[in-house]
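Fit chain Y to the supplied structure of chain F, relying on the hints for placement.
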Amino acid sequence: MSLKAFHIIFVIFSTLLALGVGGWCIWVNLVEGAPVYLAGAVASFGCALALVIYGVWFYRKMKRLRIIT
Amino acid sequence: MEIPYTISTRPDTGLWNAKIGIWLFLASEVMLFGGLFSAYVFLRLDAQPGEWPHGLLNVPVGTMNTAILIMSSVTVVLAWAALKMRRYRAYWWYMLATIMCGVIFLFVKLYYEWPQKFEHYGIFIKPGVLEKYEQYLGNNRRTEKGMEPRIEISGHLHNPEALKDPNIKEYEIGLDPVFVDPNNPSNDRPHFLYAPPTDHIAKIEKEDVDRIDSFGPWHSAYFASYFTITGLHGAHVLAGVLVFIYMWLPVSKRLYQRNPEHLANRVEVCGLFWHFVDLVWIFVFPLFYLL
Numbered sequence: 000m001s002l003k004a005f006h007i008i009f010v011i012f013s014t015l016l017a018l019g020v021g022g023w024c025i026w027v028n029l030v031e032g033a034p035v036y037l038a039g040a041v042a043s044f045g046c047a048l049a050l051v052i053y054g055v056w057f058y059r060k061m062k063r064l065r066i067i068t
Numbered sequence: 000m001e002i003p004y005t006i007s008t009r010p011d012t013g014l015w016n017a018k019i020g021i022w023l024f025l026a027s028e029v030m031l032f033g034g035l036f037s038a039y040v041f042l043r044l045d046a047q048p049g050e051w052p053h054g055l056l057n058v059p060v061g062t063m064n065t066a067i068l069i070m071s072s073v074t075v076v077l078a079w080a081a082l083k084m085r086r087y088r089a090y091w092w093y094m095l096a097t098i099m100c101g102v103i104f105l106f107v108k109l110y111y112e113w114p115q116k117f118e119h120y121g122i123f124i125k126p127g128v129l130e131k132y133e134q135y136l137g138n139n140r141r142t143e144k145g146m147e148p149r150i151e152i153s154g155h156l157h158n159p160e161a162l163k164d165p166n167i168k169e170y171e172i173g174l175d176p177v178f179v180d181p182n183n184p185s186n187d188r189p190h191f192l193y194a195p196p197t198d199h200i201a202k203i204e205k206e207d208v209d210r211i212d213s214f215g216p217w218h219s220a221y222f223a224s225y226f227t228i229t230g231l232h233g234a235h236v237l238a239g240v241l242v243f244i245y246m247w248l249p250v251s252k253r254l255y256q257r258n259p260e261h262l263a264n265r266v267e268v269c270g271l272f273w274h275f276v277d278l279v280w281i282f283v284f285p286l287f288y289l290l
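Just so you know, the sequences run in chain order F and Y.
For the first sequence, counting from 1, position 3 maps to 2 in numbering that gives the first Met the number 0; every step adds exactly one.
For the second sequence, counting from 1, position 52 maps to 51 in numbering that gives the first Met the number 0; every step adds exactly one.
Note that these hints are calculated values from the structure, not bench results.
Any given hint could be a false lead.
[What the hints assert, rightly or not] DSS-like mimics (lysine-lysine), calculated; alpha carbons at most 30 Å apart, straight line:
# : chain 1 : residue 1 : chain 2 : residue 2
1 : Y       : 125       : Y       : 168
2 : F       : 60        : Y       : 252
3 : Y       : 252       : Y       : 202
4 : Y       : 202       : Y       : 125
5 : F       : 62        : Y       : 252
6 : Y       : 108       : Y       : 144
[As the list claims (entries may be wrong)] Computed spacing ranges between beta-carbons, pair by pair:
#  : chain 1 : residue 1 : chain 2 : residue 2 : range
7  : F       : 53        : Y       : 84        : 17 to 25 Å
8  : Y       : 260       : F       : 60        : 13 to 21 Å
9  : Y       : 34        : F       : 52        : 32 to 40 Å
10 : F       : 59        : Y       : 86        : 15 to 23 Å
Here the structure is a predicted model, which is why all the values come from computation and not from measurement.
In this text, a Cβ means the ideal position worked out from N, Cα and C, and glycines have one as well.
Just chain F, same shape as in the assembly:
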């Protein structure tokens, strides 16, 4: 497996982690009553979206540059 493919897998796992952290923040706010963690949830979901956008950009760029190893 090339670095390119491994990087795409890594971005997928990072996105899942960001979504998980966002869900955890919402849950913590419900259990612990810490509204500041709602901001954390928004930031985490924002990061997940950014990672998806980055992943698509990276895949297209690699394809365009024909960097295949």
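Frame of chain F, contents of chain Y only:
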């Protein structure tokens, strides 16, 4: 003699040698970390209900470190892509950014997160005097509800000299928030958010103490797993940073001028290792910090 198949592929495997080597190495790493993760999961499943600690690690700091590692994976892959496009200057900057990310991660671990644990103490009270300390801390609630008294009182030790000096007869400990407000019903369940010790000091007589331990690997199965896995992971990050520094030094420029594809392949192999190390952290972070 020239080392064969550093750029061209072997006819039998269809890959250059270093790539096969790194994947064999990563397979052994999967087994190493897999064993440790399995040990952690079984220790946790075997723990008595309510005894597995929660909220002892600083989630915002851990999240920041996770973001730094994810960022470093992005910069290392961009460094490799820059070499493929024969843009050495861009490669140099991306590699510097990767090194900086690794150094910041290690700095936060070694100078903030870990030392904080070694200054935090848990005092385990002898079974015969547990009630005495529940009353001392003003905790009527657990007794009234028929709950077991707490066996450990934790916080920041204000007189560490008491650990060695037999003439000092009691420990002075700045209590963790859960002990300052013990009648609060919310303290009957575990908390998932880290809260620093308070200035509320409790005095605990040495003769009532079964054992006193800092929150190091010797404290509990939780901290033994935490320090083993994060320590091993940290050693991998350090190794990666050292290799990246080598790749960033002028020696890499000479290799680039001689054979740019050879340097690109070296960076790809290191990048695969770095991605694996970061992927391990993506599992470590939720396991230890969140769940």
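Checklist entry - Does residue 252 of chain Y lie within 30 Å of residue 62 of chain F when you go C-alpha to C-alpha? => result Holds, at roughly 27 Å.
Checklist entry - Does residue 168 of chain Y lie within 30 Å of residue 125 of chain Y when you go C-alpha to C-alpha? => result Holds - the C-alpha atoms of residue 168 of chain Y and residue 125 of chain Y are around 16 Å apart, at most 30 Å.
Checklist entry - Could one say that the CB atoms of residue 34 of chain Y and residue 52 of chain F fall in the range 32 to 40 Å? => result Since the Cβ atoms of residue 34 of chain Y and residue 52 of chain F sit about 37 Å apart, the hinted range of 32 to 40 Å holds.
Next on the checklist: residue 252 of chain Y and residue 202 of chain Y were given as a pair; does the straight-line alpha-carbon distance stay at or below 30 Å?
Outcome noted: Roughly 62 Å between the alpha carbons, so the hint for residue 252 of chain Y and residue 202 of chain Y is violated.
Next on the checklist: Against the range 13 to 21 Å, how does the distance between the Cβ atoms of residue 260 of chain Y and residue 60 of chain F compare: consistent or not?
Outcome noted: 20 Å, holds
Checklist entry - Keeping to a limit of 30 Å between CA atoms, is the pair of residue 108 of chain Y and residue 144 of chain Y held or broken? => result Violated, at about 40 Å.
Checklist entry - Using the C-beta atoms of residue 59 of chain F and residue 86 of chain Y, is the stated range 15 to 23 Å upheld? => result 19 Å, holds
Checklist entry - If you draw a straight line from the CA of residue 202 of chain Y to the CA of residue 125 of chain Y, is it 30 Å or shorter? => result Roughly 15 Å separates the two Cα atoms, so the pair holds.
Next on the checklist: Checking one constraint from the list: CA of residue 60 of chain F to CA of residue 252 of chain Y, max 30 Å. Satisfied?
Outcome noted: Distance of about 25 Å is within 30 Å: holds.
Checklist entry - Taking 17 to 25 Å as the hint, is the beta-carbon distance of residue 53 of chain F and residue 84 of chain Y inside that range? => result Roughly 18 Å apart at Cβ, these two residues keep to the hinted range, so it holds.
Going down the numbered hints, you'll see the structure goes against 3, 6, while the others check out.
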